[in-house]
Amino acid sequence: MSDAKARMIARAAREIAPGMVVNLGIGLPTKVVDHLAAGFPVCLHTENGMTGIGPSLPPDRADRNLIDAGGAYVSPVPGSAYFDSAASFALVRSGRLDLTMLGAFEVSQNGDLANWKIPGKFSPGAGGAIELAQKARRVVVLTTHTDRAGQPKLLQRCTLPLTARGCVARIFTDMAVIDVTPQGFALREIAEGLEPEQVIAATGAPLCLPEGDLPRF
Amino acid sequence: MTTLPDKSAAMEDAVAAIPDGATVMLGGFGVPGTPFALIRELVRQGQKDLTVIKNDANEQGMGVDHLLASGQVRKLITTHIGLNPRAVAMLNAGEIEVEFCAQGILAERVRAGGAGLSGVLTDIGIETELAKGKQVVEVDGRPALLERALRADVALIHADCADPFGNLAYVATARNFNPMMAMAANLVIAEAEKLVPLGGIAPDQVHTSGAFVDRVVELQSVSEEYGVVRR
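Protein chains in written order, with the numbering used here: chain V, 1 to 217; chain P, 218 to 448.
Derived from the structure by calculation, the hints contain no laboratory data. The C-beta atom is built at its ideal place from N, Cα and C for all residues, glycine as well. A few of these clues could be false.
To be verified - Simulated DEER-style distance windows between Cβ atoms:
id, chain 1, residue 1, chain 2, residue 2, range
1, P, SER438, V, ARG14, 46 to 54 Å
2, V, GLN151, P, VAL260, 26 to 34 Å
3, V, PRO182, P, VAL353, 40 to 48 Å
4, P, GLY417, V, PRO119, 18 to 26 Å
5, V, GLY39, P, PRO302, 38 to 46 Å
6, V, ASP147, P, GLY263, 40 to 48 Å
As the list claims (entries may be wrong) - Output of the computed footprint for chain P on chain V, the stretches with three or more beta carbons under 8 Å from beta carbons of chain P:
id, region
7, 129–136
8, 140–146
9, 161–170
As the list claims (entries may be wrong) - Which chain V residues stay away from chain P? Per the calculated CB distances, all over 10 Å, these:
id, residue
10, ALA6
11, MET20
12, PHE40
13, ILE67
14, ASP68
15, ALA69
16, GLY79
17, TYR82
18, PHE83
19, ARG93
20, ASP98
21, GLU192
22, GLY204
Please put together the full structure from these sequences, using the hints given.
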């Protein structure tokens, strides 16, 4: 993993406040947990039906009946609970989930999220992403700032089928921390070694800059 | 004192009650809770033209994939098939019909079916392509999609422990869709890793009452399909 990505993940971990119920999506978001201090009070949730997720386990130490929604073998912590998948999504839809961190193909300047389908190329179904995006109290996205071809993933409008409309509050990328505001994307923090002009050039929508210094991460 | 009826059955006889064209619910979310042995027997017996309702399509060479490979599945109602390239290829080639559901809404549709309800009203998926063709109902001034209840001819369930009446207990994340599906079919067949005498599961530890279950099959061994997947 690049140094910039690692710093993005470390920065995103500071988004988690003590006491929260948090769902970390598949991919980069699952790595956020590695940056939480031992003893940090948080309840991690997974869609198949568990609260209180402990560290991932390698195959030789795994329990065959204990996975997260991404299929990774996980462990319980003191106080873990298991329940069925209907109860698991009741927790999501009823507002008990304080924060979810999701990956993205595209995010628009009004907070629309597209992360489940590329027509003609990738149509596996959305799993639990729609409910997480639509119902978590706060939705943040972790993504590279541009796609593999170097094209912006932060856009004026999404071109791909939407997961949910207007759901994203904040985006952590390898270049910046950006908030979705009523005025569009607002640059809040910038990665070490970058200038705002580089972030502006890599973003497919207007970017509001703050007055004064930009914090670095 | 009365006693609770004995529903223990042989695997072959239990699965033989599934006709061609049946709608079949399968428990499981990934590997845990998937009734691999019952699926194997269904593949062996070869019932055709099935509509399968399951959270996912397992992975290639496992569970649902055997039913896809043998051409027994006409339609899949599911939430995510991305870990099974064969399922994706069959969808793209038009060899199976796939109906995608939001994950928690699939759970609720099955739960509604098991609870004798017609459906559920929800704003999940509204203004996305999942809303296409669904009836919109206004509730307190807000639009909601009508998501119809799902029932099946047969549900195949995996439990950790069962008694002869069909009381079931699940472990860890192998519970997932099993409790809802065990209430939502006309014929509920449960396989169990352990079959214990009546009273062997404490009443407070029963997750599914045997009153919902029709047949109980004890697994003679737990095959490697149930094991840890090394990716």
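Structure-based check of all given hints:
| no. | hint | in the structure |
| --- | --- | --- |
| 1 | P:SER438 with V:ARG14: 46 to 54 Å | holds, 49 Å |
| 2 | V:GLN151 with P:VAL260: 26 to 34 Å | violated, 45 Å |
| 3 | V:PRO182 with P:VAL353: 40 to 48 Å | violated, 28 Å |
| 4 | P:GLY417 with V:PRO119: 18 to 26 Å | violated, 52 Å |
| 5 | V:GLY39 with P:PRO302: 38 to 46 Å | holds, 42 Å |
| 6 | V:ASP147 with P:GLY263: 40 to 48 Å | holds, 45 Å |
| 7 | 129–136 | holds (count 4) |
| 8 | 140–146 | violated (count 0) |
| 9 | 161–170 | holds (count 5) |
| 10 | ALA6 | holds, 23 Å |
| 11 | MET20 | holds, 20 Å |
| 12 | PHE40 | holds, 23 Å |
| 13 | ILE67 | violated, 6 Å |
| 14 | ASP68 | violated, 8 Å |
| 15 | ALA69 | violated, 7 Å |
| 16 | GLY79 | holds, 15 Å |
| 17 | TYR82 | violated, 6 Å |
| 18 | PHE83 | violated, 7 Å |
| 19 | ARG93 | violated, 6 Å |
| 20 | ASP98 | holds, 17 Å |
| 21 | GLU192 | holds, 34 Å |
| 22 | GLY204 | holds, 22 Å |
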